[in-house]
Amino acid sequence: DSGVTQTPKHLITATGQRVTLRCSPRSGDLSVYWYQQSLDQGLQFLIQYYNGEERAKGNILERFSAQQFPDLHSELNLSSLELGDSALYFCASSVGGGAGDTEAFFGQGTRLTVV
Amino acid sequence: GDSVTQMEGPVTLSEEAFLTINCTYTATGYPSLFWYVQYPGEGLQLLLKATKADDKGSNKGFEATYRKETTSFHLEKGSVQVSDSAVYFCALRPIIQGAQKLVFGQGTRLTINP
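Sequences listed follow chains A and B, in order.
Under our numbering, think of the first position of the first sequence as 1017, with each following residue one higher.
Under our numbering, think of the first position of the second sequence as 31, with each following residue one higher.
To give an idea of the chain B side of the interface with chain A (calculated C-beta under 10 Å), a few residues:
{"no.": "1", "residue": "F134"}
{"no.": "2", "residue": "Q136"}
{"no.": "3", "residue": "G137"}
Here are the simulated DSS-like cross-link-like pairs (lysine-lysine), alpha carbons at most 27 Å apart as the crow flies:
{"no.": "4", "chain 1": "B", "residue 1": "K82", "chain 2": "B", "residue 2": "K107"}
{"no.": "5", "chain 1": "B", "residue 1": "K86", "chain 2": "B", "residue 2": "K98"}
{"no.": "6", "chain 1": "B", "residue 1": "K86", "chain 2": "B", "residue 2": "K107"}
{"no.": "7", "chain 1": "B", "residue 1": "K79", "chain 2": "B", "residue 2": "K107"}
{"no.": "8", "chain 1": "A", "residue 1": "K1073", "chain 2": "B", "residue 2": "K79"}
{"no.": "9", "chain 1": "A", "residue 1": "K1073", "chain 2": "B", "residue 2": "K82"}
No wet-lab data here; the hints were simulated from the structure.
Nothing here was measured: the structure is a model prediction, and the numbers come from that model.
All C-beta atoms, glycine included, are put in the ideal place defined by N, C-alpha and C.
Work out the full structure, taking the sequences as your base and the hints as a guide.
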């Protein structure tokens, strides 16, 4: 158990809908990262938050947004869903947020299926 | 941009065989390098890491050496077990001021037969 909790574990929804994925980082970790794992794109970095502020952005679509709340949990919002958004979404957390040597711990992921 | 290329799988070996999974990278400067493992139905777990050239990361019998001259970080294990069956990801962490992210390879699925 990495200490990173993601809910829900599985989600099935229809095209055009909106969903929210939730992540609770390890106790004491200030950074949260979101990754998307799909068959064709592999593991792609989406976005990083550090202590409530956005720190880095990767290949995140405009239909997707994220935020980190004062209690440090994070939510990833996916809207106007398309079939191609079906993927495993991972959250990771780490103590630091800079370029230092801090390990990122991954949750078990939320498997999103868009039908 | 930064990228990681690892050998395509799937790789199937017999128990006690020697394992090598190749990984090469393209990056600016001296990124940190990692191997992550994903067991069925689970998230990614850090297997080992190296933060500077010539460092050797090791864990659970696995080893990888940071080779700057060949931009490589190949994963090796002398004698694999059935329990090593998983997907292995090579990754780098670029040097970005004030931020962290991981750039992953495509993953290599390893199956060990008894």
